[in-house]
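Spelled out, the chains give:
There are 2 protein chains.
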Amino acid sequence: MRFLHTADWHIGKKLHGFDLLEDQKAAFDQILQIAKTEKVDAIVIAGDLYDRSVPAVEAIELFNQMVIEMNLQEKLPILAISGNHDSSTRLETGGPWFVQSDFYLHTRLEQAFQPIEMGDTQFFLLPYFEPISARLYFENEEIRTIEQAMKEVVKEMTMHFDPEKAHVLVSHFFVAGSEKTDSETKLMVGGLDTVPLATLDAFDYVALGHLHGKNALQSETARYSGSPLKFSLSELNQTKGVWLVDIDVQKLALEFKEIQPVRDIIQIKGSFKELISPEFYETIQKDDYLHVQLTDRAVIPNMMNQLRQVYPRIIGVERLYGREDQTAKKTTKAGLKKLAPNQLVEQFFSEVTGEEPTGQQQKWIKEQLAEIHQSERGK
Amino acid sequence: MRFLHTADWHIGKKLHGFDLLEDQKAAFDQILQIAKTEKVDAIVIAGDLYDRSVPAVEAIELFNQMVIEMNLQEKLPILAISGNHDSSTRLETGGPWFVQSDFYLHTRLEQAFQPIEMGDTQFFLLPYFEPISARLYFENEEIRTIEQAMKEVVKEMTMHFDPEKAHVLVSHFFVAGSEKTDSETKLMVGGLDTVPLATLDAFDYVALGHLHGKNALQSETARYSGSPLKFSLSELNQTKGVWLVDIDVQKLALEFKEIQPVRDIIQIKGSFKELISPEFYETIQKDDYLHVQLTDRAVIPNMMNQLRQVYPRIIGVERLYGREDQTAKKTTKAGLKKLAPNQLVEQFFSEVTGEEPTGQQQKWIKEQLAEIHQSERGK
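For the protein sequence lines, the chains are A and B, in the order given.
The C-terminal position of the first sequence is numbered 487 in this note's numbering, with every residue numbered one higher than the one before it.
The C-terminal position of the second sequence is numbered 487 in this note's numbering, with every residue numbered one higher than the one before it.
Be aware that a few hints might be false.
Estimated spans, in silico, between C-beta atoms of each pair [claimed, not checked]:
1. E475/A / L129/B: 57 to 67 Å
2. G125/A / L129/B: 31 to 41 Å
3. R485/A / H481/B: 38 to 48 Å
4. S209/A / E260/B: 31 to 41 Å
5. V207/B / K377/A: 32 to 42 Å
6. D137/A / L344/B: 48 to 58 Å
7. V207/B / A361/A: 31 to 41 Å
8. V165/B / G125/A: 20 to 30 Å
9. D137/A / V165/B: 29 to 39 Å
10. A361/A / G227/B: 33 to 43 Å
11. Q417/A / H268/B: 46 to 56 Å
Calculated from the structure, these hints are not laboratory results.
Note that CB positions come from ideal geometry on N, CA and C, so glycine has one too.
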């Protein structure tokens, strides 16, 4: 059995306001290409297919197009589960028909215990769930944490084990000891949602979703595939891709296949003058999603607009050494009272935007204040 | 060919705040029963499956359950289109898989021209569409109205006609001369969305959706099925159900099959005293959705609460002969100034609610005013 393990597609996600649909489509095309080239028997998607429980229409269109292409056109079996970002009810629409073409999409806990058998392997598709679901399913009031729930879940799964076959678990949660980054939201504090790695020992391979880095967990037999794209600055140095998994009762072999982004997330560092000079920007991909580290301390008028003229996709600007004279400029209440109205507005503008008003802006401020002054006198 | 024609399910609709899911489920069960008893070859649903473009999770659950039961469990072919209340993209999820079990769900104009052939009949499933879609599809800038669009649509459909077969159009729009009621929202003014009946002459039968009364259109060969339930007071006197259609190249036979609601919409009329007396309310279904016509003119303290204790599902109260002394009570500005604070609040309460404050409410008003008075003095 050879399958491809991916997860955390987060279709419809935006990166600091930038639409990622085109990037997600390009990553998907590479996943499909890998699946075809490597002649996999199935594609495993370990949750968070969508980024939101109520995805936008454009996200639904893209996702539908992807699975149609993968399953109906390329005839690739799909083994998928819902993640914490998905709405299980919205996602499961169509599910009972999907199975006719070997597209298995599990969204409810009770579906997890009927293994999907393909060749010499049994797949247990366990969607993201809350402890309450396990409490109800097992009729066991003691279950309060995912760890407790998982012990029961695994116990019930093993009762369906065929000893002649390899056993794969597909699931979406936080395994103890994993490293997390910024873009996996809502991870609970205190370990209530954490599963100890030993709980998963019964399986020959655990295809995990939830964390976005492929190296989040150090284990031979349980892996996060990571997301196919970088979704936050904290994933800057991660290599993205999918696991190619060869498995049978005797052996497990893993190979990581990289995905090349259309636009990477990169970080650039320098003075404002350096960064907007062609000598610098002609050496990098200006169209990438950029995090800018500025070495200047001086106030730079109209900075963001000037940077955006060179770099259309800035996702953040950081002043590495802070800003000049920030303390010196802090004015006392008495000092404020001495300022002219236009100076007050200009100072407020600078504090909020981090930029001095331009000549034109200063002119507007004066004109508007004069107009207000006129109309006040007219009353 | 024998099929059942229904439309305008509006799953998830609320009636003056009352959830209709249970009523909709019960109506569906009867539709399914009719389909089985009458051994129909297919079920036609002419649009507005959902009430909203983004249905609530509960509505999706119910709808999914319905089509699973109908198509996968009872093996009944379904021929459905999206209506103006549906989001075509959200609805079409799963569509390419549905066809494997003869569930055809068309949501885009371009799907309408490939007839679904069943036995001796060709079905053309034309989803609700806007003129812009026809303008793009036919690459014809002249198309500005649905009437213009429909001429082109029908012309293209007839090119696919098999003369050996009967031709059925399934569509969702307003046919000129139809009578509309209150609950079909967003009907445009000025006839821009209106299709003349003659445009539909090419078809042996037109299964329409959009209007909620089965008699909205006077035609032998084009019918609205109406909604399976009453969705507004204006539908008070409508009989709800589905059409049972027998069709072949030679003949068309129609029979209307009624659906009995769990709770009807009814109107009751009488004085307040009559309506809350057991002699009256024991003669009617108190659990129905009730519109109340009150013959009293006097102000009735706490009227709504008292009525609701008897009738849990009131959707409206109407004073048939207006309210007593409304003009006489209108106070002049000078008159208002003479009122004590508590009298002012009581009068405001009466004007807004149409009820006198109860003794307890009068007490609260006085207490609160005293408290305010105290705290004002304390300043």
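Each hint, compared with the structure:
1. E475/A / L129/B: 57 to 67 Å: With Cβ atoms ~60 Å apart, the hint holds.
2. G125/A / L129/B: 31 to 41 Å: Holds, at about 38 Å.
3. R485/A / H481/B: 38 to 48 Å: 41 Å Cβ-Cβ, so the 38 to 48 Å window holds.
4. S209/A / E260/B: 31 to 41 Å: holds (35 Å)
5. V207/B / K377/A: 32 to 42 Å: At 55 Å between Cβs, range violated.
6. D137/A / L344/B: 48 to 58 Å: holds (56 Å)
7. V207/B / A361/A: 31 to 41 Å: holds (39 Å)
8. V165/B / G125/A: 20 to 30 Å: holds (28 Å)
9. D137/A / V165/B: 29 to 39 Å: holds (32 Å)
10. A361/A / G227/B: 33 to 43 Å: Violated, since A361/A and G227/B (Cβ atoms, about 54 Å apart) do not stay within the stated range.
11. Q417/A / H268/B: 46 to 56 Å: holds (54 Å)
Against the hints set out earlier in the document, violations occur for numbers 5 and 10.
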